[in-house]
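Trainee: These protein sequence lines are chains Y and Z, in that order.
When you line the first sequence up against the numbering used here, it's residues 634 to 749, in that order.
When you line the second sequence up against the numbering used here, it's residues 4 to 119, in that order.
Just so you know, the hints here were simulated from the structure itself, not pulled from any lab data.
These numbers were taken from a predicted model, which means no experiment stands behind them.
We put the CB at the ideal spot given by N, CA and C, even for glycine.
There may be inaccurate statements among the hints.
[Stated by the list, open to error] Keeping only pairs whose Cα atoms sit at most 20 Å apart, straight-line, the calculated EDC-like set for lysine to aspartate or glutamate is: (1) K106/Z / E677/Y; (2) K674/Y / E717/Y; (3) K674/Y / E32/Z; (4) K673/Y / E13/Z; (5) K673/Y / E32/Z; (6) K106/Z / E691/Y; (7) K99/Z / E691/Y; (8) K73/Z / E55/Z; (9) K686/Y / E700/Y; (10) K58/Z / E32/Z; (11) K106/Z / E685/Y; (12) K116/Z / E13/Z; (13) K81/Z / E18/Z; (14) K116/Z / E18/Z; (15) K651/Y / E700/Y; (16) K686/Y / E657/Y; (17) K674/Y / D742/Y; (18) K652/Y / E700/Y; (19) K106/Z / E18/Z; (20) K652/Y / D718/Y; (21) K106/Z / E64/Z; (22) K671/Y / E13/Z; (23) K671/Y / E685/Y; (24) K642/Y / E700/Y; (25) K99/Z / E677/Y; (26) K76/Z / E55/Z; (27) K655/Y / E700/Y.
[To be verified] Cβ pair distances, simulated, as ranges: (28) E691/Y / E13/Z: 24 to 30 Å; (29) S15/Z / N690/Y: 37 to 43 Å; (30) K116/Z / H659/Y: 44 to 50 Å.
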Amino acid sequence: DTEVTQTPKHLVMGMTNKKSLKCEQHMGHRAMYWYKQKAKKPPELMFVYSYEKLSINESVPSRFSPECPNSSLLNLHLHALQPEDSALYLCASSPRVGTNSNQPQHFGDGTRLSIL
Amino acid sequence: AQTVTQSQPEMSVQEAETVTLSCTYDTSENNYYLFWYKQPPSRQMILVIRQEAYKQQNATENRFSVNFQKAAKSFSLKISDSQLGDTAMYFCAFMKSTPGTYKYIFGTGTRLKVLA
Numbered sequence: 634d635t636e637v638t639q640t641p642k643h644l645v646m647g648m649t650n651k652k653s654l655k656c657e658q659h660m661g662h663r664a665m666y667w668y669k670q671k672a673k674k675p676p677e678l679m680f681v682y683s684y685e686k687l688s689i690n691e692s693v694p695s696r697f698s699p700e701c702p703n704s705s706l707l708n709l710h711l712h713a714l715q716p717e718d719s720a721l722y723l724c725a726s727s728p729r730v731g732t733n734s735n736q737p738q739h740f741g742d743g744t745r746l747s748i749l
Numbered sequence: 004a005q006t007v008t009q010s011q012p013e014m015s016v017q018e019a020e021t022v023t024l025s026c027t028y029d030t031s032e033n034n035y036y037l038f039w040y041k042q043p044p045s046r047q048m049i050l051v052i053r054q055e056a057y058k059q060q061n062a063t064e065n066r067f068s069v070n071f072q073k074a075a076k077s078f079s080l081k082i083s084d085s086q087l088g089d090t091a092m093y094f095c096a097f098m099k100s101t102p103g104t105y106k107y108i109f110g111t112g113t114r115l116k117v118l119a
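Pulled out of the complex, with its shape left as it was, chain Y reads as follows (with noise of 0.2 Å):
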């Protein structure tokens, strides 16, 4: 059983569609992430919440637009998406984020998004 839930598993949108990604962990966990994954490639860092703060964008376009509205909640809204975002989206949780942490990150199911 996974303990970072994902919602939808799968997804199907158009470029003009608007759309959220959730996911939710129960584990007290102050940060949460999300991933990019193509097919056959390793995930790549999106997004960085830190006790509910954004403390991290690596450069993602502004049609991935994210919100943490507690602790145990990140959504990712979609909007205006290209084909090529069409990835696997996934999110992942850990104690904390900070100075010299080793904290895993625990990673949801993901969601599979396919731009139209």
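Go by the hints and put chain Z onto chain Y.
Mentor: Positioned in the frame of chain Y, the structure of chain Z alone reads:
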């Protein structure tokens, strides 16, 4: 900039045999953390083992162990007594966190197949 290289795109091993997956990385940092993650087909990514760079002793978790050579910037994973359930994509990852910056970089992965 940090980079992580896994030079073996695919490997196979007979059940009950031992296999070693290689990982090298490039960094100018002295303190950092290294991880091996396993991603089975269509399933979530899970942590296999982790190593703190300041520790000389190699990490071990049951059938999984690492050979960490800091000077050579090498971090290989040894899987002993391979099992069919070990079939997965294996990612090596580098992590370094300082105030205001966060790097969690994955290698390109090694697809391991355990043969019956």
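Trainee: If a hint holds in the structure, say so; if it doesn't, say that too.
Mentor: Here's how the hints hold up against the structure:
Taking the CA atoms of K106/Z and E677/Y, the gap is about 10 Å. The hint holds against a cut of 20 Å. Distance hint between K674/Y and E717/Y is fulfilled; the C-alpha atoms sit about 14 Å from each other, no more than 20 Å. Note on K674/Y and E32/Z: the hinted pairing is violated, with a Cα-Cα distance of about 25 Å set against a maximum of 20 Å. With a C-alpha separation of about 11 Å, the suggested pairing of K673/Y with E13/Z holds against the 20 Å cut-off.
Of the pairs offered as hints, the one joining K673/Y and E32/Z is violated, with about 29 Å between alpha carbons and a cut-off of 20 Å exceeded. Annotation: proposed proximity of K106/Z to E691/Y holds, straight-line Cα distance about 10 Å (limit 20 Å). Pair hint K99/Z plus E691/Y holds up; C-alpha atoms about 15 Å apart against a cutoff of 20 Å. Between K73/Z and E55/Z the CA atoms are separated by roughly 10 Å; this keeps the pair inside 20 Å, and the hint holds.
For the suggested pair K686/Y and E700/Y, the alpha carbons sit about 9 Å apart, so the restraint of at most 20 Å is met. About 14 Å separates the Cα atoms of K58/Z and E32/Z, which keeps this hinted pair within 20 Å; it holds. The suggested pairing of K106/Z with E685/Y holds, with an alpha-carbon distance near 19 Å, which does not exceed 20 Å. Taking the CA atoms of K116/Z and E13/Z, the gap is about 8 Å. The hint holds against a cut of 20 Å.
Taking the CA atoms of K81/Z and E18/Z, the gap is near 14 Å; set against the 20 Å cutoff, the hint holds. Between the alpha carbons of K116/Z and E18/Z the distance comes to roughly 10 Å, so the proposed pair stays at or under 20 Å and holds. For the given pair, K651/Y sits about 15 Å from E700/Y by alpha-carbon distance, which is consistent with the 20 Å threshold. Between K686/Y and E657/Y, the direct Cα distance comes to roughly 16 Å. Compliance with the 20 Å bound is thereby established for this hinted pair.
A hinted pair counts as satisfied when its Cα atoms are at most 20 Å apart, and K674/Y with D742/Y qualifies at roughly 16 Å. Of the supplied pair hints, the one linking K652/Y and E700/Y holds, its CA atoms being roughly 13 Å apart against a limit of 20 Å. Annotation: proposed proximity of K106/Z to E18/Z is violated, straight-line Cα distance about 36 Å (limit 20 Å). Distance check on the hinted pair: K652/Y and D718/Y sit about 13 Å apart at the alpha-carbon level, within 20 Å; holds.
Note on K106/Z and E64/Z: the hinted pairing is violated, with a Cα-Cα distance of about 25 Å set against a maximum of 20 Å. The suggested pairing of K671/Y with E13/Z holds, with an alpha-carbon distance near 18 Å, which does not exceed 20 Å. Using a Cα cut-off of 20 Å, the hinted pair K671/Y and E685/Y is violated, with the two alpha carbons roughly 27 Å apart. Among the hinted pairs, K642/Y with E700/Y is consistent with the structure: their alpha-carbon atoms are about 19 Å apart, no more than 20 Å.
About 15 Å separates the Cα atoms of K99/Z and E677/Y, which keeps this hinted pair within 20 Å; it holds. The suggested pairing of K76/Z with E55/Z holds, with an alpha-carbon distance near 13 Å, which does not exceed 20 Å. Restraint check for K655/Y and E700/Y: the C-alpha separation of about 10 Å stays at or below 20 Å, so the hint holds. Between E691/Y and E13/Z the beta carbon distance is about 28 Å. The supplied range of 24 to 30 Å therefore holds.
Checked against the hint of 37 to 43 Å, the pair S15/Z and N690/Y passes, with Cβ atoms roughly 40 Å apart. Between K116/Z and H659/Y the CB atoms are about 35 Å apart, so this pair departs from the stated range of 44 to 50 Å.
Comparing the model with each earlier hint shows violations of hints 3, 5, 19, 21, 23, 30; every other hint is respected.
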